[in-house]
Amino acid sequence: SLRTHKLKGDLNGVWSCSVDYDNRILFELVINTDSGEEEIFLLTLGSHDDVY
Numbered sequence: 050s051l052r053t054h055k056l057k058g059d060l061n062g063v064w065s066c067s068v069d070y071d072n073r074i075l076f077e078l079v080i081n082t083d084s085g086e087e088e089i090f091l092l093t094l095g096s097h098d099d100v101y
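Remember, our numbering sits 49 above the position in the sequence shown when you count from 1.
Don't read these hints as lab results, they were simulated from the structure.
Because the structure is a prediction, the values reported are computed rather than measured.
Hints are not guaranteed to be accurate.
[To be verified] Within a straight-line C-alpha distance of at most 20 Å, the following computed SDA-like cross-link-like pairs (lysine to any residue) qualify: (1) K57 x S96; (2) K55 x T93; (3) K57 x N72; (4) K57 x S84; (5) K57 x H97; (6) K55 x D83.
[Stated by the list, open to error] Listed next, with one range per pair, are the computed distances between beta-carbon atoms: (7) S84 x K57: 27 to 33 Å; (8) S84 x G58: 29 to 35 Å; (9) N61 x D99: 15 to 21 Å.
Even glycine gets a Cβ: it sits at the ideal position worked out from N, Cα and C.
Let the hints inform the model, and build the full structure from the sequences given.
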């Protein structure tokens, strides 16, 4: 399981998923203005302490 979840507070609107026990990917879901399709915009990848 990637344990994907929405973040709150200063990171409101950002999503997080787990790569492994300590590593996370932070991303946003955005609409592509050309196609109108939803896309994933990757923000950062790193350890829990690095990304939060």
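Evaluated hints:
Restraint check for K57 and S96: satisfied, since their Cα atoms lie roughly 18 Å apart, inside the 20 Å limit. Simply put, K55 and T93 have alpha-carbon atoms about 15 Å apart, close enough for the 20 Å limit, and the pair holds. Between K57 and N72 the CA atoms are separated by roughly 19 Å; this keeps the pair inside 20 Å, and the hint holds. Of the supplied pair hints, the one linking K57 and S84 is violated, its CA atoms being roughly 29 Å apart against a limit of 20 Å.
A hinted pair counts as satisfied when its Cα atoms are at most 20 Å apart, and K57 with H97 qualifies at roughly 15 Å. Using a Cα cut-off of 20 Å, the hinted pair K55 and D83 is violated, with the two alpha carbons roughly 26 Å apart. With their beta carbons about 29 Å apart, S84 and K57 fall inside the hinted range of 27 to 33 Å. Between S84 and G58 the beta carbon distance is about 31 Å. The supplied range of 29 to 35 Å therefore holds.
Taking 15 to 21 Å as the suggested C-beta distance range, the pair N61 and D99 conforms, at roughly 20 Å.
Violated hints for the displayed structure, listed by number in ascending order: 4, 6.
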